[in-house]
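Chain order of the listed sequences is A and H.
According to our numbering, the residues represented by the first sequence are 5 to 581, in order.
According to our numbering, the residues represented by the second sequence are 177 to 383, in order.
Hints were generated in silico from the structure; no laboratory data involved.
Where a beta carbon is used, it is the ideal one built from N, C-alpha and C, also for glycine.
Some clues are possibly wrong.
Claimed, not checked - Simulated restraints, written as ranges between beta carbons of each label pair:
| no. | chain 1 | residue 1 | chain 2 | residue 2 | range |
| --- | --- | --- | --- | --- | --- |
| 1 | A | Ala388 | H | Glu216 | 28 to 38 angstroms |
| 2 | A | Gln452 | H | Leu366 | 50 to 60 angstroms |
| 3 | H | Asp224 | A | Ser454 | 35 to 45 angstroms |
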Amino acid sequence: MGEQPKDIAEEVKHLQRCMNDLVSLLALPAKWAGGEPVQIVDVLLDALLRMLQLDLVYAQLKVKGDHKPVERARLAQGRSLAETPQDIGEIIRESLGADPVEWPWLSRKLLRDRDIVIVPVRLGLLGEISFIVAGSMRPDFPLQTERLILSVAANHATIAVQEASLRTDQRQAAIAMDRLVAQRTAELALANTELSNEIAERKHTEEHLVRSEQMHRVILEAANDAVISMDDRGMIVLVNDAVERMFGYAPIELIGTPMTILMPASMRGLHEAGYKRYLTTGMRRLNWQGVEVTAVGKDGREFPVEVSFGEMTTDGHKTFTGFIRDISEKKAAEETLRNMQTRLSRAGRAATVGEFAAAIAHELNQPLAAVVANGHACQRWLLAEPPGLTKAREAAERIVRDGKEAGEILRRVRALFKKTALEKSRLDLNEVIHEVLRLLAGAILSEQISVTTDLADNLGTVEGDRVQLQQLLFNLLQNGIEAMEPVVDRPKELFIRSRLQGPEAALVEIRDRGVGMTRPDEVFDAFFTTKESGMGMGLAICRSIVDAHQGRIWATPAEGSGTILSFTLPVQHGNES
Amino acid sequence: MSSDSPIVFVVDDDLRVREALSSLISSMGLRVGVFGSAKEYLEADKPDAPACLVLDLQLPDTNGLELQRKLADVDSPPIIFISGHGDVPSSVSAMKAGAIEFLSKPFGDDELSQAIKAAITRDRMARQHRSELTELQRRYTLLSPREREVLPYVVAGFANKVTAAELGTSEITIGVHRGQIMRKMGAQSLAELIRMADRLGIAKKSA
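Kindly produce the complete structure, drawing on both the sequences and the hints.
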């Protein structure tokens, strides 16, 4: 303190003020607590301006991360120097130099025509934090007390700014940490959502499975078919309700029991052998889709069933599931139908036999009429005066000829009514064709049908029942004749062709130019008919005759119009007849 | 045998039957013509003699009954049907349509012979009837238009006087026409002229 106080009283007053200021400065850190460095500097500048009655106070603060220092400034009331702290900083740097480190601790400068004492104060050891520049137009500035206050303030501010900086670092770290936490949380949340979706999906699938299983179970239980699963040891592992209805065993009686319990004793060995073979070789002997077998119920009753199998492999173990349908009723119905068909076809056959017999009777009548007429003629010629011997002899010869033929026809008729089913002999099919054509000559002529035959010489012989084969050809030709009945726009033609088909079979084709068949596959079925009259038996009988002769019969549409009815019969080799 | 001696036509598709019937009918002293179908029969030249037709019911080209219908329009000989089937409905139709007989094969020679005799007798009568009619028709063509006009009055029994008044002429002229008519038609009496007019289908003049 180089200056002399004017008086003691003033000196005391001055010191008192200084003490007050120092106390005020000591209160500043409490004000600064939690503040940003810039706020600290601002508070400091305001406090210094007021305490030291400065005309100018300026601070330059280096803020972490920022390239340019922050500049703040305060001017005393009524003073004008520059508009912004940056301008003030510029004016100071112009007069003191660019580097604050080089600045003198005290200098008297003219700043914009005003004589100002400038005191720079460093914050931090080397002013690495900040510089504060205090300026006053008072010539005695700074007094000793004022220097004390400046340095105390600078120390306090340094600590506060350092703390604040530290806090800022911490806060930034905390923010970064927060951000990281938030990010991680978001990631976790996302993962969580995915997981819960997955869980939901899994749950849905599970529910679906449960539902589906329930449904399957309902179906299984409601099914009329018995469903039985067995494992690879042949033990029953699952049965449905129908099993009890069908076999009479409660499910509990069957689970864990060999499958063979449901089979007749005679089948068990076969089943076990087949099952073993399948498990080892994978070879199936049975058709897995619907095989008819005999099943045995608890009461020992045997009944026919139709079984379909399914196979499933789980964890290396095979499970077989059989779907079993009781076909007793179906079988019975089939049997009834078959009996009915047999009866009806017998009736139908009798009907066609009737027609056939009528044709034969007519055929028999012709030679018989001729024989009688010839006989009378012969008598008359012999009784004539003079007797017409030549004429009588001719008549007698005709009697023998026609009588023989009548006898042959009679033999055929007798054979027809014989109860014995088949009387097989070696026959020339061509001959049979001719015989039947003769039988049908009347119908052929009255229907104005032209008949073309193309019969193979090398046809050989077939072994068959003459009457049945006659009936076969009769029915086939009759069918052709009837098919052409409605035809008016084209000639009615029947073509009969016989051929050797391979070394083993004789083929006969009968082609008509009739209305044709829409369903050639069905024409041989009993009751199939397109005619208004008729039982639909004619061709069914043909098939039964061909079947009885180990032949084959079929129908195909003829080119243009009409139908070809074809049959083959096995050819007999050798010369015996 | 003279051209007037009767002839029997046989139509049957069965050669054996044709041969036998041909021989049998010959042995009865009758002429025979055999045909295998209706077509052959229809197309054949047949002698102008009393005849009959032995017709099989089942013919190859047409039904015997159908041929019978076809022949009904022309002056065809009477028909004897023969059939292999004892077909009652067919025989009924055949008889209704004027068949002489319906014989089921086989038949005896007497049955056939009697049927043929009956048929030929009927044909003879028919032929005679036909020839008489032909003669009457020939005679009728000789009449003058005025005589044809007068004829219905004469056969209706009108007196010449009445006829003359009706036709606006004299009684004497009508008397001359009447004499010409009797002469040209060859009628010996009014009663005979009336029968002739009847057969010619000339309507009497009503009073």
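Original post:
Which earlier hints can't be squared with this structure?
Top reply: none
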